[in-house]
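Peer 1: One-letter residues, chain by chain:
There are 2 protein chains.
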Amino acid sequence: MTVTAPKGFRAAGVTAGIKASGKPDLALVVNDGPEKNVAAVFTSNRVAAAPVRWSRQAVSDGRADAVVLNSGGANACTGPQGFQNAHKMAEKTADVLGISAADVVVCSTGLIGEQLPMDKVLTGVDAAAAALADDGGHSAAVAIMTTDTVPKEALFTGADAAGTTYTIGGIAKGAGMLAPGLATMLVVLTTDAAAAPEMLDAALRDATRVTFDRADSDGCMSTNDTVVLLSSGASNAVPGAADFTAGLTQVCAELARKLIGDAEGASHDIAIRAFNAASESDAEVVARAVARSNLFKTAIFGKDPNWGRVLSAVGTTDAVFDPDELSVAINGVQVCQKGGIGEDRSLVDLEPRDVLVEIDLQAGEAEATILTNDLTHDYVHENSAYSS
Amino acid sequence: MTVTAPKGFRAAGVTAGIKASGKPDLALVVNDGPEKNVAAVFTSNRVAAAPVRWSRQAVSDGRADAVVLNSGGANACTGPQGFQNAHKMAEKTADVLGISAADVVVCSTGLIGEQLPMDKVLTGVDAAAAALADDGGHSAAVAIMTTDTVPKEALFTGADAAGTTYTIGGIAKGAGMLAPGLATMLVVLTTDAAAAPEMLDAALRDATRVTFDRADSDGCMSTNDTVVLLSSGASNAVPGAADFTAGLTQVCAELARKLIGDAEGASHDIAIRAFNAASESDAEVVARAVARSNLFKTAIFGKDPNWGRVLSAVGTTDAVFDPDELSVAINGVQVCQKGGIGEDRSLVDLEPRDVLVEIDLQAGEAEATILTNDLTHDYVHENSAYSS
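Protein chains in written order, with this note's numbering: chain A, 1 to 388; chain B, 1 to 388.
Here chain A stands alone, though its shape is the one from the complex (with noise of 0.2 Å):
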């Protein structure tokens, strides 16, 4: 269940010696084909790091024939020789393989404002070719993984009109700065599909839109987002880009919830719900702006169903709305009533750590559900203790 799962990839982790701690951090996925085609989205954030400038280039002809990607090093804000380092990095993947520098995605985590060791990272990209196995997509996860406690991977099993199989594997990684316009993550995914560069494009971005892009663990956007989806064709299926789009999403639902659910120090996973709302972007600004608010995050760290503060950030938006309508209900009890008091709040239990957050708009039929985590004490401790 991973980036190897589809038939035409190979890959591989191993410790190239970035990271202090001895812990594996180089990664590489290659499509041997036959199609070498991709889509990627990156981040919205303007201070973009070296390997997402460097990337965006790569995959704009719909081409690419292999991932490189680093933990231990971010290679962001780093200056022209940090874009130099990332176009290393491509160069020396691209000679160890075989191909073109301009065909090879780059991609890096860890500590913004440091140049990368770059002699670690070339030696290590000579051992994860000689390392390049078809089974090995875990090992890539698990050498892409910085704050995260567990490797990420899901995997989709299809089948065309005619009945042909394919699958879709993705790994992924990230555990704090998870925001908007994606999380700070890294996420490869693969399919044995065949699929042309512009149905991946659209399919992606699909499916990004209502998976990752609605993770907001914490509000903070990274300089390195990226999620790369390669195509092999080498299961020979040709599904229709409804049927591919629904199963890219379901893997990129997976991938967003175990992100969420691994995130930096949080103790609980919540899901927000707006509905009943005017529009898919209203309900998202107000599930967005109750997942960003510290107070509302703190109180169910507490495991104090304040629905106060969830009231007070939806009347931070400009959604539609009447104040005097609006209804919230917190693991089935309906707290809020018109904007007044509803059942007793003490009925509320928020032991479990999956919460469910509704909020009754009452402007109309749309509907959006933000995941984030509340705020705790391991999150100000991870975060305040370690520059990551």
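The hints are simulated quantities; they were obtained by calculation from the structure and are not laboratory data.
Given the structure is predicted, the values throughout are model-derived calculations rather than measurements.
Careful: at least some of the hints might be erroneous.
Treat identical chains as interchangeable: a pair holds within one or across any two.
[Unchecked claim] No more than 27 Å apart at the CA atoms, straight line, and that leaves these computed lysine-lysine pairs for DSS-like:
1) K88 / K338
2) K19 / K303
3) K36 / K7
4) K258 / K7
5) K23 / K120
6) K258 / K303
Guided by the hints, dock chain B onto chain A, whose structure is given.
Peer 2: Using the frame of chain A, we list chain B on its own:
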């Protein structure tokens, strides 16, 4: 140095029994004239508390004779009964003072979503009226405290063109939910200058725009924020608008600093100054984005000059800048130069409580400063362990 320093004002703070702690929880500020002019600004939160809805009407004619304030309950999200209770507070105050209820401003602060214990509130109004004194400003400042550890007061003394002196006094409360478009706070300002409601209103909007509106402790906007300014004209001074606005801004700035300095659980007071911006609005947007970054705020708590988290927050805005021209100084050390690595981050001393982050946008000549706090274990503790 408080609301009874200007001539023509009496105040009191008493224990009405609204707070379970038995601490003072009801305050009254009365303008004995001869002028009874007023201006006020309120939260922009669309989920506005009942007392805010009441008070917006009360000040709309430019006249107010008294302000009644309670802590121990926000009277927010309390439906029609909540509005009736705010109305009752105004009527009771009017009765005991022999004035009109329409000239009474009502302010409440505390937990959202619970009805006020009106028997205690109304008895408290009697007690406060009986305790009104020319030097009662300090006791009023104490009675509006919630999680504040100290009362906040400020004073300005000026003179008009003829040399006649006047004073502006203020009291404020607010320690959490400190945010934009006002912090969670109640502020009463008084002056014995002669000033028409129009001048009061213009001066108050100018002053709050660059002071309270730029105090953003935790990004959370309250349902109850109110800043009310009363003028008695008792000094016979008739200051010019510019001088009066400057004095008022000084009082508001001092109170805003005191609010940030007493924010829940904070261990650092952080001034984020964006300069060389294309517009003041750009500067404010950039500084506020950094002030809202939990990752930046936890880093400062950990005394980690993690400038990458500053840049990643700046990059989420649509302000005019070139990412490769951004520079950042933390406490005077130029840690980021032109989008890349600057001076050694270990040179930054984050032991002092005051922190200055300066962001050079290289896009113009405007600037703005947002005041915020770090994100600490104590913030999480205070906001998870207690309903407020």
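Peer 1: Each hint needs a verdict: does it hold in this structure or not?
Peer 2: Hint check results:
{"no.": "1", "hint": "K88 / K338", "verdict": "between (60 Å within a copy, 22 Å between copies)"}
{"no.": "2", "hint": "K19 / K303", "verdict": "between (37 Å within a copy, 22 Å between copies)"}
{"no.": "3", "hint": "K36 / K7", "verdict": "within (12 Å within a copy, 81 Å between copies)"}
{"no.": "4", "hint": "K258 / K7", "verdict": "within (24 Å within a copy, 64 Å between copies)"}
{"no.": "5", "hint": "K23 / K120", "verdict": "within (13 Å within a copy, 63 Å between copies)"}
{"no.": "6", "hint": "K258 / K303", "verdict": "within (22 Å within a copy, 31 Å between copies)"}
The earlier numbered hints are all upheld by this structure, with none contradicted.
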